[in-house]
Every structure is written in C-alpha cells, then in structure tokens.
Amino acid sequence: MATHAATNRNDTLDRIMRDYEAVAARLPDAAVPREARGHAKCELSRLGWPKNSDEAWRYTNLRAFERVPVFQPAVLSRLKGAAVAAGDDAPAAMQLPALLPGFERLLYVDGERRGATATDAAVDGPRWPAEQRLGLLCDMFASDVAALRIRGTAAIEVLFVTSGFAAGAACYPRLQIELEPGSELTLVERHLGAPDAPTLVCANVAIELGRGARLTHYRLQQCGAQTAFSDTLAAQVGADASYNVRQVAIGAACARTSAQVRLSGAAAALSWQAIAVGRAQQVHDTSLKVEHLAAGTRTEEVFRGIADERARIAFSGHIHIASSAPGSDARQSLRGLIEGAGAEIDLRPRLEINTDEVKAQHGATTGALDENLMFYLLARGIERTTARALLKWAFLGDVLRAIDLPDVRRAAEHGAAGQLPDIMAIGALT
Amino acid sequence: MSSAADTAASALLEIRDLHVKVGGQEVLRGISLTVRAGELHAIMGPNGSGKSTLAHVLAGRPGYEIVSGTASFEGRDLFALPPEQRARAGLFLGFQYPVEIPGVNNAYLLKAALNAARRERGLAELDAFEFLSVVRAKIKLMQIDESFLSRGVNEGFSGGEKKRNEILQMLVLEPRLALLDETDSGLDIDALKLVANGINSLRAAERAIVLVTHYQRMLDYVIPDFVHVLARGRIARSGDRTLALELEKRGYDWISEQAA
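Chain order of the listed sequences is A and B. Here the first sequence is numbered in our numbering, starting from 1 and rising by one per residue. Here the second sequence is numbered in our numbering, starting from 1 and rising by one per residue.
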C-alpha cells in the first residue's frame with residue numbers, strides 16, 4: 001500500500017498532509033471523531049489526489065482546487081485565525097438573505113456555527129469511495145458540524161457563508177441529517193460568499209431517511225468566482241421514504257458535486273432535479289450515482305445545464321438497479337444548452353439494470369437553442385436578444401418551477417438570471 | 001381580381017415572380033400576387049404545392065433560398081427585413097403547427113409582442129392593467145379560459161386550443177396583413193366556427209388577410225374575395241369563391257394536370 005500511495009502523491013497531496021499535521025491536534029472531536037479523521041487521512045493518502053485521466057474526474061477543473069494556498073480551515077489558520085476569532089460581527093457586515101418565513105436558520109461562517117442554536121451530536125460520516133474522495137478532505141479538516149436529528153415536521157435553513165477572512169484558505173461545511181421514521185423536513189442549504197482570493201469550500205452532506213420519512217432538500221450554490229467548491233453527498237433512503245432534491249449551481253470557479261443516493265428500502269423514492277449555469281471559464285461537474293437496492297424503488301432525475309462563453313458543464317448520472325430491486329422505475333432527462341462558442345457540455349446518462357420487470361428510460365441531448373421556437377417568437381415581433389433570453393429561461397423552467405417555496409424559487413431565479421444578463425432585462429422573473 | 005400589374009397605392013403586399021428553393025428543390029416557381037387593404041385572399045392547393053412555403057417565406061423563416069423575385073409590404077422590401085421587423089411592421093403569421101414553449105407564459109409573450117408592435121407604430125406601451133383590459137375582451141371572443149394567460153405558450157394545449165390561441169394572438173396584435181397557414185386543419189366544426197368568427201371580427205378596410213387552406217370548408221364561414229390555386233409552385237388559377245366550390249366538387253387533379 002505504501003508503494004501505491006507514494007506513486008499517487010503529488011504536490012497538492014503533500015501540502016494537504018502537511019497542513020493537516022499542523023492543525024490536527026486542534027481539530028475538535030465533536031465535529032469529526034478523531035478516528036474518522038485518521039481514517040480519512042489514510043484513505044486520501046491511499047487513493048491519492050484525483051487526476052483528470054480518471055474517468056470520474058475527467059471534467060473537474062482540478063487546478064482550481066490545486067490553486068488553493070492553504071487547506072487548513074480558515075478558522076484555525078495562523079494568518080487568519082485571530083481575525084476570525086474576533087470576527088463575530090463579520091456576518092452582520094455581509095448581506096445575508098432575508099429569513100425564510102417559518103424556517104429556523106442555522107448560520108455557519110467559514111464552516112463554524114454562529115448563534116446559540118444547538119444541533120445534535122455528530123455521527124460518524126459515510127466512507128467515501130474514490131469518486132467521492134474530496135469528501136475525505138472535509139472529514140480531515142472540518143471544525144464544526146450541523147447535525148440534525150428530525151422527529152415530526154421541521155423547516156430548516158442552513159446558511160454556509162464564506163467570509164473575506166477565509167480568503168486563501170478553506171472552509172469545511174458539514175451537514176448530517178437524520179430523519180426518524182415518518183418525519184418530514186424541508187431543508188434549504190445555501191452556500192454564499194465571495195472571498196477575493198482562491199478559496200476552498202469543501203462540504204460534506206450525509207443524509208439518512210427512516211421509513212416513510214420525507215425530505216425536500218433545496219440546494220443553492222452561489223459561491224464567489226475564485227472559489228473551488230466541492231460538494232460530497234451520501235444519502236440513504238429507507239422504505240417508503242422520499243428524498244426530493246432541487247439543486248441550483250451558479251457560483252464558484254469550479255464546482256464539483258459527487259453524490260451517491262442509496263434507495264435501500266422498498267418503495268423508496270428519489271427526485272433529483274438540478275440546474276447548472278456557467279459562464280466565463282466556470283466549470284460545473286456533477287457525478288450522481290443512484291443505487292436501487294430494494295423492490296419498487298423510484299428515481300426521477302432531471303438536469304438542465306447552460307454553458308455560456310467558455311464554461312464547461314458536465315453531468316454524469318449513473319443509475320444502478322440491483323437484482324434485489326424488481327419493479328423499480330428510473331427516469332433520466334439530461335439536457336444541455338451550449339450558448340458560447342468555446343463552451344462545452346458533457347452529459348453521460350448510464351442505466352445499469354440487473355433485474356427484470358423494471359421501467360427505465362433515459363435521454364440526453366445537448367445543442368443550441370431550438371430554431372423553431374426561436375422563429376415562433378421572432379414572428380411575433382419579439383427582439384432577437386429577448387427571444388434568446390426567453391428561451392434560455394424556458395430551458396431552465398422545468399427545474400425552477402419544481403421549486404415549490406416562493407422565496408427559494410425567487411432566490412434561485414435571480415441567481416440563475418444573474419448568470420444570464422439578458423434575462424434580467426426581459427423582466428420574466430417572478 | 002388583383003393582378004401583379006395593378007399596383008394601386010393601397011397594395012399591402014406585392015409579390016413579383018417569386019422563385020424559392022428548399023434543400024436545392026425549387027418549390028415556388030414564379031409566384032406573383034397583389035393583396036390590397038380590405039381584401040381576403042384564400043390560397044388553396046394540393047399537398048406540396050407550395051402554399052405553406054409561401055406563407056413562411058413571407059414571414060421570414062430561415063432555411064429558404066430566394067432565387068429571384070421580390071416581395072414588398074407597404075412598399076418596403078420584405079426580404080430585406082428580419083422576421084421580427086416584419087412582424088412589428090404589421091405582418092402576422094398564424095402557424096399550422098404552433099410550438100409549445102413551456103416556461104414562457106402566454107401573457108408575457110402577448111404583452112411583449114403587443115408592446116413591440118406599439119413601439120414600432122410610435123404608440124405608448126401598455127402597462128399590465130391596460131394590457132389585461134385589451135386581452136380580456138379577445139379571450140372572451142375566442143372562448144378561452146382566462147387562466148390560460150398564466151400557462152406556458154401552447155403548453156399542453158390540444159390542437160384546437162393552439163389554433164384558437166393563434167387567432168387570439170392575431171386579434172391582440174391587430175396586424176395589417178395576416179397570413180394564416182392552414183389554421184383550419186385539425187379543427188372540429190365548433191372550433192372551426194370559433195376560429196372563423198375570430199378571423200371575421202378582424203376584417204377591416206385597412207387590413208388584409210391571406211388564408212392558406214387545403215379544404216373549402218373554412219370558406220363557408222370566412223368568405224374570400226379571391227381564391228388562388230397553387231399547383232407545382234405556381235398560381236395555376238385565380239377566381240372568386242366559386243372557384244373554391246368547384247374545387248370541392250372536382251378536387252385538385254384537373255388543376256394539377258393543367259399546371260403540368
């Protein structure tokens with residue numbers, strides 16, 4: 001193993017290990033048990049830093065992650081630590097979104113909780129496979145955790161803000177959600193902040209839904225232009241439980257989502273609807289693996305990506321239906337819209353079926369705006385730029401309309417429109 | 001009837017010896033037609049005769065090669081204008097197959113289209129309240145539920161609803177020249193009467209309508225001033241509404257044979 005690890009080491013991994021050794025003694029066990037940190041360190045060392053030659057990392061802009069100067073959490077960094085320790089008023093100076101009516105807000109600045117709201121005790125996180133190995137970084141370095149055990153019905157917003165104090169270092173948001181049987185949670189997870197130097201935001205999300213539980217999970221990623229954003233998620237969905245994800249990826253220089261959802265109980269259901277909008281040289285790369293492990297499980301996967309200018313958007317959707325999952329139903333609809341001459345979209349649907357009696361369908365299309373739709377609008381006298389904007393808006397419409405909470409939908413729409421300036425001009429926003 | 005040679009000042013549309021290719025094939029082979037304000041022309045013909053091509057070329061759809069000939073609209077060279085400018089100048093194309101655009105609602109499209117046309121005419125744009133008062137009366141005429149305004153353009157509409165929506169758009173935009181491409185196709189008799197009512201309500205001295213149709217039945221409800229029969233890319237015969245009745249009895253073969 002030592003030989004294997006040595007061959008995978010490179011400068012970035014060396015820096016990660018050095019940074020870890022420098023702060024390991026000060027990292028709180030309450031956020032991540034010490035053994036779990038040690039395991040993550042060994043595992044990352046064994047797996048090595050990812051390479052673009054690996055299929056699972058082919059589209060990630062790894063250089064954005066390698067440019068991060070310091071992997072230590074900003075709150076422990078020697079350079080920034082003092083400022084952050086005194087920086088309780090930092091979030092007040094930032095423009096935080098208005099409170100969502102009926103929601104409890106948990107605020108985390110640079111990965112650490114602000115305010116008095118207590119969360120539950122952290123649990124051991126998932127063991128990350130190679131394609132989710134950036135999750136190991138968060139296991140190693142996280143200094144806090146939002147651990148929530150839900151009984152009954154709840155509505156919670158978790159706001160992860162990266163402040164200017166974190167510029168040049170790293171933040172490790174960490175979210176652990178457990179829904180007890182029959183409980184219901186509406187969760188808004190939002191990542192904000194725009195530090196003025198290459199900064200790592202490396203989030204881990206672990207979710208467990210008990211029998212009959214229901215989680216609607218809104219995810220808005222609006223990090224700054226110099227942020228390398230990693231989002232590693234593992235969800236386990238029990239019998240008759242449903243997990244509904246609405247994800248909007250807008251910000252960051254490079255955003256990588258590595259998600260794995262296991263439908264482990266009979267009739268468990270996943271609805272994953274996501275959009276990514278990229279411009280300039282942004283990269284949005286999502287890898288979603290769904291495992292159907294029990295009978296009658298269902299997946300609905302919808303992705304819409306728009307790549308403008310020289311942006312690159314990738315979505316890999318792998319659905320595996322095990323022999324133990326007869327009667328499963330899996331649908332994938334992946335669509336990409338290329339707007340920029342230097343833009344690129346790579347959609348990779350994959351259905352792997354190991355049992356009979358399943359319903360499965362998938363479709364992936366990438367292209368430019370539909371000329372028939374364009375002509376229809378032009379023939380009504382609509383300006384060409386307005387028509388283009390309207391059609392781009394319509395392209396994202398399936399997913400945006402699936403955001404049931406008006407305040408969240410408005411935030412998502414305005415975020416997406418901010419990436420597509422001509423949309424702001426047409427006044428089509430709700 | 002109108003003729004290409006007769007270029008009265010009131011001519012809205014003047015087509016001269018128009019030749020058009022699609023995919024290398026010549027589909028229109030010398031069309032000449034004059035349409036004056038106040039007139040309603042029906043263009044009939046068998047499948048593949050070039051009826052829809054003519055409507056779409058005039059509206060500016062890409063993909064057609066204009067080999068030779070001219071078309072002017074109120075004296076302006078139509079082919080020099082992009083499609084959106086033709087529309088804003090007052091030319092309306094009613095689509096045979098209206099597209100669905102989920103995510104763009106009908107009210108937004110109608111208001112944007114109407115205000116674009118009003119700007120072109122030097123009129124003030126309508127605000128939301130004024131727009132609604134304009135559109136409500138037209139919706140009632142077309143027997144469309146008001147909730148449709150907040151739905152996506154043609155999203156989930158039946159064939160008949162889509163055609164009614166086309167006519168509604170026409171009523172709201174009040175074009176100078178309406179080209180209606182087989183608006184009657186796929187309509188049951190009730191929907192056909194509704195659509196015909198809509199068209200008739202728009203007939204006016206300052207406006208012209210060109211109705212492209214395969215069947216005579218629409219012309220029982222919308223009485224044309226002129227009927228032209230296209231065959232093999234040319235106007236093979238022109239006449240008044242009795243020509244349509246003759247076609248109903250005899251079919252198109254005899255005209256196609258003559259055109260050949």
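Just so you know, not all the hints are guaranteed correct.
What the hints assert, rightly or not - Pair ranges (Cβ atoms, derived):
no.	chain 1	residue 1	chain 2	residue 2	range
1	B	G24	A	Q95	36 to 46 Å
2	A	D329	B	E146	35 to 45 Å
3	B	L123	A	E371	27 to 37 Å
4	B	Q25	A	E371	39 to 49 Å
5	B	E100	A	E300	14 to 24 Å
6	B	E155	A	E371	35 to 45 Å
7	A	R410	B	G24	28 to 38 Å
8	B	H19	A	E309	35 to 45 Å
9	A	E309	B	R217	51 to 61 Å
10	A	G102	B	E155	53 to 63 Å
11	A	G342	B	D220	38 to 48 Å
12	B	R217	A	Q281	20 to 30 Å
What the hints assert, rightly or not - So these bits of chain A aren't anywhere near chain B, every CB distance computed over 12 Å:
no.	residue
13	R34
14	N372
15	A394
16	D398
Hints were generated in silico from the structure; no laboratory data involved. Where a beta carbon is used, it is the ideal one built from N, C-alpha and C, also for glycine.
Here is what the structure says about each hint:
no.	hint	in the structure
1	B:G24 to A:Q95: 36 to 46 Å	59 Å, violated
2	A:D329 to B:E146: 35 to 45 Å	37 Å, holds
3	B:L123 to A:E371: 27 to 37 Å	31 Å, holds
4	B:Q25 to A:E371: 39 to 49 Å	20 Å, violated
5	B:E100 to A:E300: 14 to 24 Å	21 Å, holds
6	B:E155 to A:E371: 35 to 45 Å	19 Å, violated
7	A:R410 to B:G24: 28 to 38 Å	50 Å, violated
8	B:H19 to A:E309: 35 to 45 Å	41 Å, holds
9	A:E309 to B:R217: 51 to 61 Å	53 Å, holds
10	A:G102 to B:E155: 53 to 63 Å	31 Å, violated
11	A:G342 to B:D220: 38 to 48 Å	57 Å, violated
12	B:R217 to A:Q281: 20 to 30 Å	59 Å, violated
13	R34	50 Å, holds
14	N372	5 Å, violated
15	A394	3 Å, violated
16	D398	7 Å, violated
The structure is inconsistent with the numbered hints 1, 4, 6, 7, 10, 11, 12, 14, 15 and 16, although it conforms to all the rest.
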